[in-house]
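Visitor: Read off the chains here:
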Amino acid sequence: MFDLISFIPRAVVQGIPLLYGSTGETITEKSGNLNLGIPGVMYVGGISGVIGAFLYEQACGSPANMRGFLAVGIPLCASLLGSLLMGLLYCFLTVTLRANQNVTGLALTTFGVGFGNFFGGSLIKLTGSEVPSITLSATSAYFSRALPFAGKLGWFGKIFLSYGFLAYLAIFLALISSYILRRTRTGLHLRAVGENPNTADAAGINVNRYKYRATCLGSMIAGLGGLYYVMDYACGIWSNDAFGDRGWLAIALVIFTIWRPNVSIFASILFGGLYILYLFIPTGMNLAIKELYKMLPYLVTLVVLVITSMRNKRENQPPAALGLAYFREER
Amino acid sequence: MEPKTPVVQMRNITKAFGSVMANERVWLDIYKGEILALLGENGSGKTTLMNMLSGIYFPDEGQIFINGNEVVIRSPKDAFDHGIGMIHQHFKLVDVLTAAENIVLGLKEPGRLDLAAVSEKIRALCEAYGFDVDPDQKIYDMSVSQKQTVEIIKVLYRGADILILDEPTAVLTPQETEKLFAVLRNMRDAGKAIVIITHKMNEVEELSDRVAVLRHGHFIGDMPTAETDAHEMTNMLVGHPVELSIERPDPVDPKPRIEVKNLTVRSIDGILKLEDVSFTANSGEILGIAGISGSGQKELLEAIAGLQPVESGSICYVDDTGRREELLGKDPLSIAELGVALSFVPEDRLGMGLVGNMDIAANMMLRSFRRGKSPFLNRKDPQKLAEQVIAELDVSTPGVSTPVRRLSGGNVQKVLVGREIASAPTVLLTAYAVRGLDIHSSYTIYDLINKQKKNGVAVIYVGEDLDVLLELSDRILVLCGGKVSGIVEGRGVKKRDVGLMMTRLGGAKEDA
Chain A
801 MFDLISFIPR
811 AVVQGIPLLY
821 GSTGETITEK
831 SGNLNLGIPG
841 VMYVGGISGV
851 IGAFLYEQAC
861 GSPANMRGFL
871 AVGIPLCASL
881 LGSLLMGLLY
891 CFLTVTLRAN
901 QNVTGLALTT
911 FGVGFGNFFG
921 GSLIKLTGSE
931 VPSITLSATS
941 AYFSRALPFA
951 GKLGWFGKIF
961 LSYGFLAYLA
971 IFLALISSYI
981 LRRTRTGLHL
991 RAVGENPNTA
1001 DAAGINVNRY
1011 KYRATCLGSM
1021 IAGLGGLYYV
1031 MDYACGIWSN
1041 DAFGDRGWLA
1051 IALVIFTIWR
1061 PNVSIFASIL
1071 FGGLYILYLF
1081 IPTGMNLAIK
1091 ELYKMLPYLV
1101 TLVVLVITSM
1111 RNKRENQPPA
1121 ALGLAYFREE
1131 R
Chain B
4 MEPKTPVVQM
14 RNITKAFGSV
24 MANERVWLDI
34 YKGEILALLG
44 ENGSGKTTLM
54 NMLSGIYFPD
64 EGQIFINGNE
74 VVIRSPKDAF
84 DHGIGMIHQH
94 FKLVDVLTAA
104 ENIVLGLKEP
114 GRLDLAAVSE
124 KIRALCEAYG
134 FDVDPDQKIY
144 DMSVSQKQTV
154 EIIKVLYRGA
164 DILILDEPTA
174 VLTPQETEKL
184 FAVLRNMRDA
194 GKAIVIITHK
204 MNEVEELSDR
214 VAVLRHGHFI
224 GDMPTAETDA
234 HEMTNMLVGH
244 PVELSIERPD
254 PVDPKPRIEV
264 KNLTVRSIDG
274 ILKLEDVSFT
284 ANSGEILGIA
294 GISGSGQKEL
304 LEAIAGLQPV
314 ESGSICYVDD
324 TGRREELLGK
334 DPLSIAELGV
344 ALSFVPEDRL
354 GMGLVGNMDI
364 AANMMLRSFR
374 RGKSPFLNRK
384 DPQKLAEQVI
394 AELDVSTPGV
404 STPVRRLSGG
414 NVQKVLVGRE
424 IASAPTVLLT
434 AYAVRGLDIH
444 SSYTIYDLIN
454 KQKKNGVAVI
464 YVGEDLDVLL
474 ELSDRILVLC
484 GGKVSGIVEG
494 RGVKKRDVGL
504 MMTRLGGAKE
514 DA
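Residue numbers (this note's numbering), protein chains in the order written: chain A, 801 to 1131; chain B, 4 to 515.
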């Protein structure tokens, strides 16, 4: 029998990293930057948080000496810093040097994954662990701490209140991004930059500044997805390549939600659900069938792409200048 | 009348792009409550000069005074702050946003973004000057003239009292132009200073109070429009007296060459582009095609050239011996072999026909690369042809190996038209051959077309400038919304009648 009450929380925790990734990528794409480096950025966000947490745990010696504020703050700042640097690197290459965005993005993904695996591997060596992973359960405990009364509220508590603070932050960020994009002057300017940078420039908007800020902010938000994955979802256990293809799913999610972070809240949970559906549907021992189920999120994205391009409504199209470098002199 | 003081004074303005002097020690005064026409050929520096006033470029030398105070304009925002707004030839609007959103774009008003209040303010402006625009309409749903209106409101919304319009009528029908002129006069009467950049003499005469002429980046002179005439202005413009009328030799032995019957074309989206179009193009004759842009001109030429799927109808090619051949169903290559040449100058000039990154010789080869049996390309003949086109049409280029995209617009067009003519066509299809060219280059192209006509080629000429169509064509086919609105003799027809036919089927009926 299909157990909805245990399925939904699992879909949510699967969905949160995707939500971070897609919110970050949506903000980035709205500025006309197609950052295909998001998988790498999320990877770096994760490993930077791990490095921060590892250093703090080592400095404290035993979990009893750790303070909650620092245990959360240090990995958080490390993660934000790591992904910010990735965002800056992307901007420097594509905005300042006007390199090709696709190539830069893909290179950044390769770089990010390599960076993560290198430092992940080094840390594993340092701990001298038997298994190829490092465990930061003390830090993870702070990250995944749910509201104390959540357990007493039965199914309601389980579905809505059983998550760590980063999950709620993701939803909050998605809502606020949506609001900013649709209702504020900053959002209007950002959309103009992504749609038609020439026009934005002529209207007195600093195109490069908007591109830099949106891309860096987007990277930092996406990086939090990596942090959430390690600290909350994976209970503080880092092992190389465990993050998988979640970054690509986040990019697919941007298209799926037709560039709307608020829609992404539900869409990411749907994707998360589709991602783990194979665990809840009896497939027997046949691994091949499981792999087929794992295909579902991508299939859904393809279907949505077909439907949105068939409807051909202008509002549902990607930002018109997406993927193009902006030269002021070119008219 | 009291002596007016200029609101803008430009003094000794100099701007160079590389080694090219775009403006050299230009003086210009702009007055309140006056419409100034800035007249000049292509490349005479009129747009550059105004771009310096609107903050797109920064002058190398010289001063700008506004209301007597010297100012420095470094960005469009500085220009706004001084009350200067420019409406560019290519609209700077974001398609997926509404008119109101576009109008407030880039404004740094305090407080929340309140689009309802913005719309209210826009409606008030529309009322005051007689604009007709819905603030909540998306730009992509708008016609060209509505977009232009949004641009003008955008500038007024920012409180500009100096408006610069860069060739505002280039994309409008005669009727829309009238409407625009009425609005501009309203604004002038409300005390705004208005500058229109143009190279159309009739507009200068009709609209402006004063005219200033630029030539090769130099300021030649200015005077009240009432005290001058087209001839004097042309002399100032070109520097030496020119013959204004276009030559129109009588057709030589006209025989039907292309017969189009009941042609109907639908676009991929199923929209009717041409409906039941029938006409005959004769050899040794220029058939002009008039119509608002997007009335089916492009589809018509492409259908003849075999590039456009046709729903129904027939297109017949008749050769000199009277043998008829159906073109429909033939591929573009075999149609081209019959001698049908298409030179289509699209809006971005390089979109169709030429490859920007390839040099002139290689572009010549695009027509001839199939010749010969050898797997290797013959580079010699195209090279020769390129040199010939450069010499004959006076293309200014550093050499045959310069990528076409580095040439100026006029020269690109010469290369394209030159190549098509060099293929010795029996039918020459040309669209917008003089788009954006100055008078001089335009006449070179007209001469070329006339030469083809004298050689017995059937020329189908799609043009934008009605005056030219009226002077050049032997007959004019007027398209309106994909239908033939009428076919008139080029000699003796009134411009107004053709304009009416462009907007209304068989428009002349309205005349009574």
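Quick caveat, the hints were computed from the structure, so don't treat them as lab data. Positions of the beta carbon are idealized from the N, C-alpha and C atoms, including for glycine. Watch out, some of these pointers could steer you wrong.
Derived SDA-like pairs (lysine to any residue); straight-line CA-CA distance at most 20 Å [to be verified]:
hint: 1; chain 1: B; residue 1: Lys141; chain 2: A; residue 2: Arg985
hint: 2; chain 1: A; residue 1: Lys1113; chain 2: B; residue 2: Ile142
hint: 3; chain 1: B; residue 1: Lys95; chain 2: A; residue 2: Leu1122
hint: 4; chain 1: B; residue 1: Lys203; chain 2: B; residue 2: Arg218
Covered stretches of chain A, going by a simulated chain B footprint (3 or more residues, C-beta under 8 Å) [unchecked claim]:
hint: 5; region: 983-995
hint: 6; region: 1114-1123
Partial selection, computed: residues in chain B whose CB lies under 7 Å from chain A [to be verified]:
hint: 7; residue: Glu73
hint: 8; residue: Arg77
hint: 9; residue: Pro79
hint: 10; residue: Lys80
hint: 11; residue: Val97
hint: 12; residue: Val99
hint: 13; residue: Leu108
hint: 14; residue: Ala119
hint: 15; residue: Tyr143
hint: 16; residue: Val313
Visitor: Verify the proposed pairing of Lys1113 (chain A) with Ile142 (chain B), using a straight-line Cα cut of 20 Å.
Guide: holds (13 Å)
Visitor: When the nearest CB of chain A is found for Val313 (chain B), is that gap smaller than 7 Å?
Guide: Status violated, d = 24 Å.
Visitor: Given a cut of 7 Å on the nearest C-beta pair, is the interface hint for Leu108 (chain B) held or broken against chain A?
Guide: Hint on Leu108 (chain B): holds, closest Cβ of chain A at ~5 Å, below 7 Å.
Visitor: Hint check: Lys141 (chain B) vs Arg985 (chain A), CA-CA at most 20 Å. Holds or violated?
Guide: holds (18 Å)
Visitor: Within a Cα-Cα threshold of 20 Å, do Lys203 (chain B) and Arg218 (chain B) meet the stated pairing?
Guide: holds (15 Å)
Visitor: Under the criterion of a CB-CB separation shorter than 7 Å, is Lys80 (chain B) in contact with chain A as hinted?
Guide: Holds: closest Cβ of chain A sits about 4 Å from Lys80 (chain B), inside 7 Å.
Visitor: Hint check: is the beta carbon of Arg77 (chain B) less than 7 Å from a beta carbon of chain A?
Guide: violated (11 Å)
Visitor: Counting residues of the region 1114-1123 of chain A with a beta carbon closer than 8 Å to any beta carbon of chain B, are there 3 or more?
Guide: holds (count 4)
Visitor: Quick one, is the Glu73 (chain B) hint okay against chain A at 7 Å, beta carbons?
Guide: With a closest approach of 22 Å, the Glu73 (chain B) hint is violated.
Visitor: Three residues or more, CB to CB closer than 8 Å: is that satisfied between the region 983-995 of chain A and chain B?
Guide: Answer holds; 8 residues pass the 8 Å Cβ test.
Visitor: Please verify that hint: Val99 (chain B), Cβ, nearest Cβ of chain A, below 7 Å or not.
Guide: Holds: closest Cβ of chain A sits about 5 Å from Val99 (chain B), inside 7 Å.
Visitor: Less than 7 Å between beta-carbons is the criterion; does Val97 (chain B) satisfy it with respect to chain A?
Guide: Check passed: Cβ of Val97 (chain B) comes within 5 Å of chain A, closer than 7 Å.
Of the numbered hints stated above, those contradicted by the structure are hints 7, 8, 14, 16, listed in ascending order.
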